[in-house]
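Protein chains: 2
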Amino acid sequence: MTAPLRIALAGLGTVGAGVIRLLEANGDIIAARAGRALQVVAVCARDRTKDRGIDLSPYAWEDDMTALAARDDVDAVVELVGGSDGPALALARNALNSGKQVVTANKAMIAHHGMELAALAEGKGVALKYEAAVAGGIPVIKGLGEGAAANRIDGIYGILNGTCNYILSQMESTGADFGDVLKDAQDLGYAEADPAFDIEGVDAAHKLAILAALAFGTQLDFAAVDISGITKIRAADIAQADALGYVIRLIGVADCEDKGGERFLFQRVQPYLVSKQHPLASVDGPTNAVVAECNFAGRLLFEGAGAGDGPTASAVVADLIDIARDRVAPPFSLPVSALQSAAPADPGHRVSRAYMRFVVADRPGVLAEITAAMRDAGVSIESMIQHGHPEEGGDVLVAIVSHEGPESAVSAALDLLDGSPSLSEPPLVMRLLG
Amino acid sequence: MTAPLRIALAGLGTVGAGVIRLLEANGDIIAARAGRALQVVAVCARDRTKDRGIDLSPYAWEDDMTALAARDDVDAVVELVGGSDGPALALARNALNSGKQVVTANKAMIAHHGMELAALAEGKGVALKYEAAVAGGIPVIKGLGEGAAANRIDGIYGILNGTCNYILSQMESTGADFGDVLKDAQDLGYAEADPAFDIEGVDAAHKLAILAALAFGTQLDFAAVDISGITKIRAADIAQADALGYVIRLIGVADCEDKGGERFLFQRVQPYLVSKQHPLASVDGPTNAVVAECNFAGRLLFEGAGAGDGPTASAVVADLIDIARDRVAPPFSLPVSALQSAAPADPGHRVSRAYMRFVVADRPGVLAEITAAMRDAGVSIESMIQHGHPEEGGDVLVAIVSHEGPESAVSAALDLLDGSPSLSEPPLVMRLLG
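Those protein sequence lines, which keep their order, are chains U and C. Residue 553 in the numbering used here sits at position 189 of the first sequence; the count goes up by one each step and never skips. Residue 665 in the numbering used here sits at position 301 of the second sequence; the count goes up by one each step and never skips.
Isolated chain U (complex conformation) (with noise of 0.2 Å):
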């Protein structure tokens, strides 16, 4: 058996530690998996007083994360700081400039900077390996970059964010509305203190983003991912979800076309309508599911525990497997040099059913307004329904569900009815998927 692979670990919270936990529990049967040994050499956190409930004598400590990237004794460098830019950032450049292979659970890192950091990492020849920064435990980093390294992937979507899907199973099962719920998931630690990039969106983006390079090689753009979060989904739009049979699940989008040679691409964080008999409308709780469509393997569903310390730590060490096995290759599959630079797709063409909810004032004249501005625009309506009791304000909820039709036809209803004194808030607008 060859040399130990020497571990540097910057960060320890609950992944860090879990990371420490696993090796500790299963060194054995990881040493025989990957030929070698997995020794922890030196760690690095803010503080070194904190008890988090494991034995840190064993490693050298490190205050300055600058010193761990530059130590002789370190073969790879375990990024679990978080944060798109500042020490995270700098530790991974560092340790890439260094030559050392770097892991991380980034996944706001990888989206901002993962072209930058790949084209770092293959340029020193080592790895930049990140399956802990998308969908937790799950292991499609490798499932869709070498398991379905054979096809042209087609299409990506999937269930990426835990905290959104806990707080929409919740409110589906308990009829609880989404503020009460978001505190219950709080104080059970499914959601942070400060819960925006979970609930916006955000967070579902990154890894959209990161998945959607890896599966259709093209450049990382973050940017242009099409982003809306769960917070103003009501108990009464699951309910009627329901009743259409449907039910609510964050869910992230991406495609890539071919059009006279050029190539465009469309990524979308959206609550969507999920039919009951689609797989993932069964994913419930903090789970996480990808598909991915495949033009030789057909479609292939990933599914498992999304977040956690137990799964993260399971995809970093992986990865520290793997580089033990010297399994390095290009950090998106293909070489930076040739993923292609895709223009964000126009979804107006994009053909869906819709759902929209409207809040309205209980008066006369609203269904003929918002009706007229359907059929002005071309959307045809498969059903509608307002509900019967009032809100407090007297506003009334209604809502629509169109054939299917081109997006762009719905934007142009909405546009209609923008600014009317009729409408008491912005009207929600979810696609239906199976």
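In short, the hints are calculated from the structure, not lab data. Since no wrong hints were added, every one of them can be taken at face value.
If several chains are the same, the list does not tell them apart, and a pair holds so long as it fits within one copy or across any two.
Pairs of lysine to any residue residues, derived as SDA-like cross-links and limited to a Cα-Cα distance of at most 20 Å, are as follows:
#, residue 1, residue 2
1, K623, D392
2, K488, G399
3, K640, S537
4, K414, D428
5, K414, G377
6, K488, R689
Predicted model, so just to flag it, every value in this text is computed and none were measured.
Got chain U sorted already, so can you dock chain C onto it with the hints?
This is chain C only, laid out in the frame that chain U set:
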């Protein structure tokens, strides 16, 4: 870019032709992901003149597979001949002995000779890869052996045979009986002319034994798989399961227990009643799905097309890309020398709910006899249904669902009824999942 990976292809059936079509269709992206071109240089099949819809003129033709394995201009041999022994095994041995990398889709050969071939590959320092042998296009060998490599895997189960799953799904949706659906499946190409390996559960057992060795780090033990097929399932069973909230699926289940330092391996292929709430219940048609219970990653699920030329070719070429990238590791993740021997586990103490279906004479006293046997063996009955209408010959069906209890009690009850003149045929037992 380095020199092409030079490939010899033995077997030009649907999968072999699929590999050639795939390499032609996606050659550019494959070369970019593999770091070099994948180039077929020689092929071998029984009939040179057969029209396969592909142009074979670019490739050298060998009539003799031994000559194929010996060619100096070949780096990797793809075995798509099939059969556990005979020419396929001879080819694999020859190729490995000549220091060639080997890729195969042959589950029977790996299930029977995987240990010998893996040891040979390890001794020669070459790859033996078999992603296509299990679950078609789903990258589950990679997912378990690499993606979940940091975990102790405690159990695996799944739908491993697309033909059976198609037949059971069709029986479910049409209400037809087994024989009729099998005939349709044969006409449609979803079942072989000789379907025994599929419908008797042998094919699923091959795959289960391979997955068990990979997941648990134990030696392959195909002979110890407890196998039942789907031929005894009647439309009435499907209807009964449906009324109870279940669907019927052929499930492979394996787990590994440590007791006093010894390991015990449980492997079973059997039709199960799967709760409609369980993720496997929505796996319809020729789809496969594999679930792994990991000690850190939690539950992982992989789902996709379990057979067909495109998906199988996708898996074969993924293996070739790994070889082109020099990703050579022990075929069963651990070196063969590290795979532990495990005794077959005694299923008697396993606790489950059981569905037992009897075909009985329609006369007084039969139900009393059956329920007395249950009582005497300690099987607690949760529900019992006697179908009202006698079948041809005056038989009626009686279905019993037990409360949770040890399998040994169910076996004891059936032993008590063995040989009873009241039973027109041996009872059918299925366990409940979820």
